[in-house]
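Asker: Please build the complex by placing chains B and C on the supplied structure of chain A, with the hints as guidance.
Protein sequence lines correspond, in order, to chains A, B and C. Residue numbers for the first sequence follow numbering that gives the first Met the number 0, beginning at 0 and rising by one. Residue numbers for the second sequence follow numbering that gives the first Met the number 0, beginning at 0 and rising by one. Residue numbers for the third sequence follow numbering that gives the first Met the number 0, beginning at 0 and rising by one.
Simulated from the structure, these hints should not be mistaken for laboratory data. All C-beta atoms, glycine included, are put in the ideal place defined by N, C-alpha and C. The hints are all genuine.
Cβ-Cβ distance ranges computed for the label pairs, FRET-style:
1) B:D132 / C:Y323: 53 to 61 angstroms
2) A:Q553 / B:T73: 19 to 27 angstroms
3) A:M454 / C:W121: 53 to 61 angstroms
4) C:P43 / A:Q553: 47 to 55 angstroms
5) C:A338 / A:T393: 22 to 30 angstroms
6) C:L119 / A:F530: 28 to 36 angstroms
7) C:K321 / A:D267: 58 to 66 angstroms
If we take Cβ atoms under 7 angstroms as the criterion, some of the chain A residues that face chain C in the derived model are:
8) W363
9) A368
10) I500
Listing some non-contacts, in silico: residues in chain C with all C-beta distances to chain B over 10 angstroms:
11) A105
12) D191
13) T205
14) T325
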Amino acid sequence: MSMIEGSLIGERSGSSTASLGSRLNRQWNWRSLAARLTLLLALLVSFSSPGFAQAPDKQLSALVDALYPGDYGDRQAAIAALVATGDPRAVPVLQVLGEGDLYAVEATGKVAFVERSGSNYALTDPVTGAALGEVARSDTEKVRVNNSLRRTIRTAIGQMTLLSDNPGTRLSAAQSILRDADPANLDLLDTALASEADSKIRTTMELARAVILLKSDDVSFEDQQQAAATVAASGSRDAITILTSALASAPDDLKPAIQSSLDGLQRDRAAWAALQNVWFGVSLGSVLLLAAIGLAITFGVMGVINMAHGEMVMLGAYTTFAVQEVIRQNAPALFDYSLAIALPLAFLLTALIGIAIERGVIRWLYGRALETLLATWGLSLILQQTVRSIFGPTNRQVGNPSWMSGSVDFYGLSLTWSRVWIVVFAIVVFVALLVVLNRTALGLQMRAVTQNRRMASAMGIRTPFVDAMTFGLGSGIAGLAGVALSQIDNVSPNLGQGYIIDSFMVVVFGGVGNLWGTLVGAMTLGIANKFLEPYAGAVLGKILILVLIILFIQRRPRGLFALKGRSVEA
Amino acid sequence: MSDKTGTMLYLDGVSVAFDGFKAINNLSLIVYPAEMLAIIGPNGAGKTTMMDIITGKTRPDDGEVLFDGRTDLTRLDEAAIANLGIGRKFQKPTVFESQTVWDNLEMALRKPRGIFATLFYTADAADIARIEDILNTVRLGHRKNDLAANLSHGQKQWLEIGMLLAQDPKLLLVDEPVAGMTDSETAETAKLLREIATTRSVVVVEHDMSFVRDLGSRVTCLAEGAVLAEGSLEQVSANPLVIERYLGR
Amino acid sequence: MLTQALFRALDRKAIWLIGILVALAVLVPAANLLIPPGQFGHVPNYAVTLFGKYLSYAMLALALDLVWGYCGILSLGHGAFFALGGYAMGMYLMRQIGNRGVYANAQLPDFMVFLNWKELPWYWQGFDNFAFAMLMVMLVPGILAFVFGFLAFRSRVTGVYLSIITQAMTYALLLAFFRNDMGFGGNNGLTDFKDILGQPIAAPTTRASLFAATAIALALSVLVCSTIVRSKLGKVMVAVRDAESRTRFLGYRVEYVKLFAFVVSAVMAGIAGALYVPQVGIINPGEFDPANSIEVVIWTAVGGRGTIVGPIIGAILVNMGKSYFTGALPELWLFALGALFVGVTLFLPKGIVGLLGQYRSLTTRREQHQPQTPGPMQLEAGLDPQPKAAE
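So that you can see chain A by itself, here it is in the shape it has in the complex (with noise of 0.2 angstroms):
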């Protein structure tokens, strides 16, 4: 059963699914929390800005009492009163007074937000927010309005708020306008339109303005049109909600406009679609090539299959496990940076014993590729059950960093950071290695060695001490590797075996002894994998680009980067 968890190209399934699902959940209550909560999100940043008019509370609480007593004519003249202090915690109180839900006590006189609690009304200051305790509800009144002191409260709303001096306070409120698509807001919104300066609002004011034309009946045809390309070129999310919308109740002569509009948005829409989806397959094609590139080193250069490629990579999560238990013991404030501690450890500890492999094992085998695979294979059994004897069998809890944690909305694209460090990660080791193998005398050697073993061993190239180094140095990235999949990956002794398969259908497809082979294997199996999934389902998927590798094969047995001439001996 342990192998069904093992997966061949692309991320566990089972419990992991579980938790990259409650993360894709966590995210989203994030994200419909914040969409609800905008308005009073800026209002509160607003709190903090500077040189914003600010008034004493007891001032302005004496204002709101202002609301209660008298008639309709004072009220008016106390809504005045109250928006010329210019103080955003007057907005609030004056839309729960538009909505009719403002009420005051009447012994005392003192106006509060209330809530229904029995037959009592909690209440709370609406200025500072303090509870008040609870009246009965007889007890209370409501502060009245009609409808002209509606629209003058609606006014007063868009005056503080849309021509507010915070820009901040200016997006929220034309966001909230653009959400509601009240017809009311539409002469608000051309009066402050008029005085926008800021771009980024104007757009934003002016997809409102648009929207709300869009619902109206009574305007021109020209205008509607004008208003469904806004709409359309706002690149919205919601836009093809609008549209639609707006294509039912339209005339028949704007249907064809939207429609063309909305056509266009569809297109847009699976463009982006398809973009996240390349997006997915480079992150699963940077796992793979992190998995991968060691491999493909050591293949090239000794023509050896290190079965035993997916322990490193599994010891290097380990390794991430060990350092976080003990910054966590010791040095909790270090927690962010216990990759950067892991990293050099974890290559470290599996390029040695890569070495040690090497020197000890596989120098033995040379010759005897097929041999060379079994005892490696023999090692992968007795490092896995090393680790389960130290570790335990199950899964180890590995901690994202907070610099790992989260996602970063991209136009369109969510990008979680944990995938984006990874494809970051992938492009730096893979540099790194160029550099290792174009720039570096060991790396001249390796390459030597690759294309002709015998002719480099002549011209006194010392192949054991190259073979030692250069297994060292695949098991060291494997280790790397190792690292960076503790984040996104369960951290268990089976980890590595998945891999293994993966890592060779990438070196297979890539061709060997070139690292640019690799990386587009790797990048080419991701991306397929991540296009036939929503097709074929995750494990169809695989095995389609199983048989399709094996059908590869046929055409290029050696791969698509494949080394010619004599020296390569069939």
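Answerer: Below, chains B and C alone, put in the same frame as chain A:
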């Protein structure tokens, strides 16, 4: 080159490159039936690559390779070419080391090569006589039940020549047959090859000039993948280009 | 023609081996059924089944040896052929359950009822017929091996490439058989068998008969393998193993030689799997686990590849060791297995049989020591052997 009819081996304008390096460059060559051709040339001249092309191991990028004046060898694989009647002896003697001398010859013997024909094959009297005969020719009769791995280098050369004879080919490609042989063995080999060449075509690649002289055949000198000079050994070794590029002053 | 080939196959070693297996096929069931428990010479039921299982493993190892030891193809996917044969047998046994399943559905196996399937998929048709199922036991692995081998050998995929591709093959099948909608019971596989050919599957007589059948099948496999390796084709196979491209230049179609060995071997593995399943009572996707296939390789290596008797000895010894370890010291088994892989490749390349052979040649023919024959894989490079003989 125009007349393909009546040729045993016909190469015209053959080129092959490995990663940009032209191993064979516009090579043209003709071998007639029952004729011997000796090929000499410096290392890297393309001698072995030429043999690879003829035997189907390497596909030329360009040019025409015909056997018996009509069969296009560039379309066939190694096994098909071998079954047409082209036998090859390798530069390094390559025999099946974990099997006996007798088994090596039995496998080489010209017989149906199909799976089931091979599975149910039993040597008849004629086959046995033929193998005994070859064993005598290559003087390995006393070692017929020994593993090929235990033969000396020269004996492996002989065994491979014996396997070539057992294949009964129309065209023999012989790559450095006398490396590791004593002088008398070398002379014997030359004699044997001359004898073979009375009925079949033979192409010999060799560095040993006295051996090439013993062969007494037409000589072609290759350099940088193309023909440098052709003619008798005297003509070729008098050619100033050959002296400069290969023989040395 | 055939008689000559068979006659050649039956050298002294093969006769001994076949004789022992046939004797086992008779004596073990007799000792199990005729001698009452507790009395001297009785073979307990569990031992019959256990050794029956070992013999089916031995047959799998022999099948692998035919391609690896003799033809140089290191297949890391032979477990797949074994499992496919097992599944074909398992399907027959499932159909025999009839309406005795949990859902008492005579038309559908339990897991299909559970999945709400309405009718038997087309590929399950015919499996209630024993003869048809037995045909499938051989055909399915054979055809897979043919298609896979044809593609791989034609494009000259050799060495480690081939090994890993075969591993990928069994891995793909593992993933596929885990899927419920494949219709092979998904995760749980096929189990809860009731009877075979009308006999209750757990009855001592059935168990004894299955043991006898396995021993006889193994004896026949020995005969087939011996026929092949003692023929000229067998010599060509060894030639392919030692110097593939040289064999091509002799005019042999190396890809067909390999294909023949691979298909025969796969069919043999399939039969072994079919004999295995009724004895252990279950077949599930775990049998496709690449780790299983690679374990078969070590049985063969331990016993001695390139010999007929070696893989049989190796399979039985290693599995006895496994039974002991996993019972007594489960923690240590993987260490032991790992060490076996490393140790055998480093110190015992010819296995136990090779060791015995060396010992005998040392004692009987004192100084004429065994030639340093190259390991089968050493001449992988075909025409480019190590420059030991040159100069």
